[in-house]
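**Q** So you can see what is in the structure, the chains are spelled out below.
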Amino acid sequence: MNDWVLIQSLVVAVSTGTPVVLAGSGAILTQRSGVLDLGVEGTMLIGAVTGFWVTTATDSPFAGLVVAVLAAAVFSMIQGVLAVSLRANQVVVGVALVIFGSGLSSFIGSQGDPPLARRFSGAIFTPVYPESVHDWPAVGPLLLSHDPVVYMSWAFVAVVQWYVFRTRTGMHLRAVGHDPASADAAGLRVSGMRYLHVALGGAAAGAGGGYLTLRLFSDWFDDMTAGMGWIAVILVILASWRSLRLLVAAYAFGAISSLGFTLQLLGWNIPTELLAILPFLVVYLVMVFVSAAERRSQMPAALAEPYFRESR
Amino acid sequence: MEPAVRTRGLSKDFFGQSVLEDVDFDLRWGEIHALLGENGAGKSTLCSILAGLYHPTRGEMMLAGAPYSPHSPHAALEAGVGMVYQHFRLVEQMTVAENILLGNPDVPVRMTASGLADRAREVMDRHGLWIEPTRYVADLAVGEKQQAEIIRLLNRGVKVLILDEPTAVLTPREAEALFATLRNLADQGQGVILVTHKLREVQQSADTVTVLRSGKKVAHQGVEDTTTHDLARLMIGDDLAPGSGVDASHTTGDKLLELHSVSVVSDAATRPELDDVSLTVRAGQIVGVAGVSGNGQRELAEVITGLRTTTSGTIRLRGEDISSQTIGSRINKGMGFVPEDRLTRGLVLGLEIEDNVLLRSQRDREFSIGPFLRLSAIRQWARRLIDRFDIRGVRKGLPISVLSGGNLQRLILARELSRQPALLVASEPTRGLDVGAAEAVRTTLKTERGRGVGILLFSGDLEEVLGISDEVVVMYEGRIVASRPASEVDVAQVGRWMAGVT
Chain A
-4 MNDWVLIQSL
6 VVAVSTGTPV
16 VLAGSGAILT
26 QRSGVLDLGV
36 EGTMLIGAVT
46 GFWVTTATDS
56 PFAGLVVAVL
66 AAAVFSMIQG
76 VLAVSLRANQ
86 VVVGVALVIF
96 GSGLSSFIGS
106 QGDPPLARRF
116 SGAIFTPVYP
126 ESVHDWPAVG
136 PLLLSHDPVV
146 YMSWAFVAVV
156 QWYVFRTRTG
166 MHLRAVGHDP
176 ASADAAGLRV
186 SGMRYLHVAL
196 GGAAAGAGGG
206 YLTLRLFSDW
216 FDDMTAGMGW
226 IAVILVILAS
236 WRSLRLLVAA
246 YAFGAISSLG
256 FTLQLLGWNI
266 PTELLAILPF
276 LVVYLVMVFV
286 SAAERRSQMP
296 AALAEPYFRE
306 SR
Chain B
694 MEPAVRTRGL
704 SKDFFGQSVL
714 EDVDFDLRWG
724 EIHALLGENG
734 AGKSTLCSIL
744 AGLYHPTRGE
754 MMLAGAPYSP
764 HSPHAALEAG
774 VGMVYQHFRL
784 VEQMTVAENI
794 LLGNPDVPVR
804 MTASGLADRA
814 REVMDRHGLW
824 IEPTRYVADL
834 AVGEKQQAEI
844 IRLLNRGVKV
854 LILDEPTAVL
864 TPREAEALFA
874 TLRNLADQGQ
884 GVILVTHKLR
894 EVQQSADTVT
904 VLRSGKKVAH
914 QGVEDTTTHD
924 LARLMIGDDL
934 APGSGVDASH
944 TTGDKLLELH
954 SVSVVSDAAT
964 RPELDDVSLT
974 VRAGQIVGVA
984 GVSGNGQREL
994 AEVITGLRTT
1004 TSGTIRLRGE
1014 DISSQTIGSR
1024 INKGMGFVPE
1034 DRLTRGLVLG
1044 LEIEDNVLLR
1054 SQRDREFSIG
1064 PFLRLSAIRQ
1074 WARRLIDRFD
1084 IRGVRKGLPI
1094 SVLSGGNLQR
1104 LILARELSRQ
1114 PALLVASEPT
1124 RGLDVGAAEA
1134 VRTTLKTERG
1144 RGVGILLFSG
1154 DLEEVLGISD
1164 EVVVMYEGRI
1174 VASRPASEVD
1184 VAQVGRWMAG
1194 VT
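These protein sequence lines map, in sequence, to chains A and B. Quick note: our numbering has the first sequence finishing at residue 307, numbered continuously throughout. Quick note: our numbering has the second sequence finishing at residue 1195, numbered continuously throughout.
A couple of the hints might just be wrong.
Quick look at which bits of chain B chain A covers, simulated, 3 or more residues with Cβ under 8 Å [stated by the list, open to error]:
(1) 716 to 722
(2) 765 to 777
(3) 796 to 806
By construction, these hints were calculated from the structure, which means they are not laboratory data. Think of the CB as a built atom: it goes at the ideal place given N, C-alpha and C, for glycine as much as any other residue.
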């Protein structure tokens, strides 16, 4: 029954892609302001561990998610201070932040009695609508079977798209990212905008990380993001800094990542190691074609460039 | 009525070096006030202070009679002072409407592209100016960008408009349109400050002029009460009047550079970049190449210096065929090159002067032992060049990007000439320089000629070509259409050749 296989693999694609959707949409906001946040992977790890910790303590995944978002936003301020105020090299700061986030999350995970790594959380996010509607043809599994975070991620994507292109502040955001000197001359607060959007990006990455522990794996282990943060950064570029495209790209990534699962359902047997590299190959190929086809690049022209007013 | 702007004792230091000293400046409402001075005289600094970009080290400012000390460009804008920079403060990747309304608090929080365009149209109608609001700034011509910039500032309620060298990037027709716009704004009561080093513009468009020299105010008067000659003297100082270069008597020597039937064809479908070009440069001779830009001058310079390869023909330097030699070996055989685009091809702006003077000489025994550099020798040499060529503004430990255009050009000349080349290929050596700096460069070229250097000079400035060359060649569509001694031709004749009329 191939329709069933298709629908099931799409459902898996959605849940696998959701952390990437959240982190990537946030990264769009950060990068639109001209700050290249390569630290997404580390920020997600912070969100994952803090969210799990709070949830095991409170039995409320919502409380866990809120803390994950706040902790990640605070963590991303390291990037803010170094990249915006101290004008450090953003590539170095980002990569260092991944390593730091990984170490810090492992440390947090080793604390407590029993340590988080050996706890199991009973409280996770559950589907919003009752089981009975999940079986409705097509729309049931595809649209109605998800947990609240998935719906939040959809709303977030729509809000980001609307915010960037249809609001005054969004226009200011684009100006700051493309040309901070012009934005400054127009009276916009370049550093303020950058700090704000670094924090928003961090918060969204935290939500993405939290989703891993509070739904996808319902467990915590070291370096559990396994490259998802990097994928988010890559997909942001692939989606030319547009969140609706990012949503599609993230789900495509989710579908390809879960191809092993799909093929198992179909009874095929292909080495999983081979399947694991497939998403990256696809990303490279698509990227080549997308960048060749783009007429007017959306890439923030001042991406990764610190702004210093009195530089001559 | 209180003056629009008044400064008293305004001073600014950069890295301990004074660039503006005790300047008293007054701007009245409804006037176009020219701010005149050479590059590095402090015009841009004064304006940047008025516009809130820099903070004065000392001194005070008044705006419409009230104390004025903007801590940012935004604060200046709020107060009604706006500046049109040489590099426009427009976001290239966004539309005209978005740029005009950027930072405008009246724009609704929620907006659409068409709503924004309507608003921009309204603004433009109000000021009698027009640029299609839905176009992307990147697609505009330079003059249109400037108009968009002015509209943007007017929309922010600017009452004092400062323009930094606004015509440097404009065609003559665009410049006329700009002056008409400015006159119109002044008639509406705006104060307009026009920064320039072109005397003709002052006479043509301004009411009042303030002259700055080396960071100090040297004059402030009505344009009607002064002549171009007076202004030139005030601007440059008495010590160096334009055209004072002494024409050293010299003799013409052996053939240095010989091009024989050189052609460059990069695409068989279009006309060749260079078509059967033959010319000779002798020792102690300046050969000036005239022509409308894009008729093969750049290709000719590149083919001689080795940046481009010939399709056919031979190039000889002191009798030796160098057509297929590398750039490095041409340099070693005595060729110097002042590239047209000095900022990208001539210098490394992010490096200090020592590194820049070393380029081309990095393998010399004098400056290196194997792979190691002899830093003290290099430093001493750089200091000698600074003294000999009067390069000003060099600061230890800072990149050369802090130097003004004239000093950068002097630096390139210093580097090339210090290698004592037999032949110097100079492309547009005075472009973008003010009167004094350009004259200094020409004097240097003439001095070198007197010492027996052969010079091939490419210049878009016809008067310059005719003024210092011994021999003039004219290029048209990749060919040399005329070659005469400079004394036998006049501007009108050369102009006709340049236009392809024979």
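**Q** All hints, please: hold or fail.
**A** Hints and how they fare:
Check on the stretch 716 to 722 of chain B: 0 of its residues sit with their Cβ under 8 Å from a Cβ of chain A, so the three-residue criterion for coverage is violated. Using a Cβ-Cβ cut-off of 8 Å, 6 residues of the stretch 765 to 777 of chain B lie near chain A, which meets the minimum of three, so the contact claim holds. Counting residues of the stretch 796 to 806 of chain B whose C-beta sits closer than 8 Å to any C-beta of chain A gives 7, which meets the bar of three, so the coverage hint holds.
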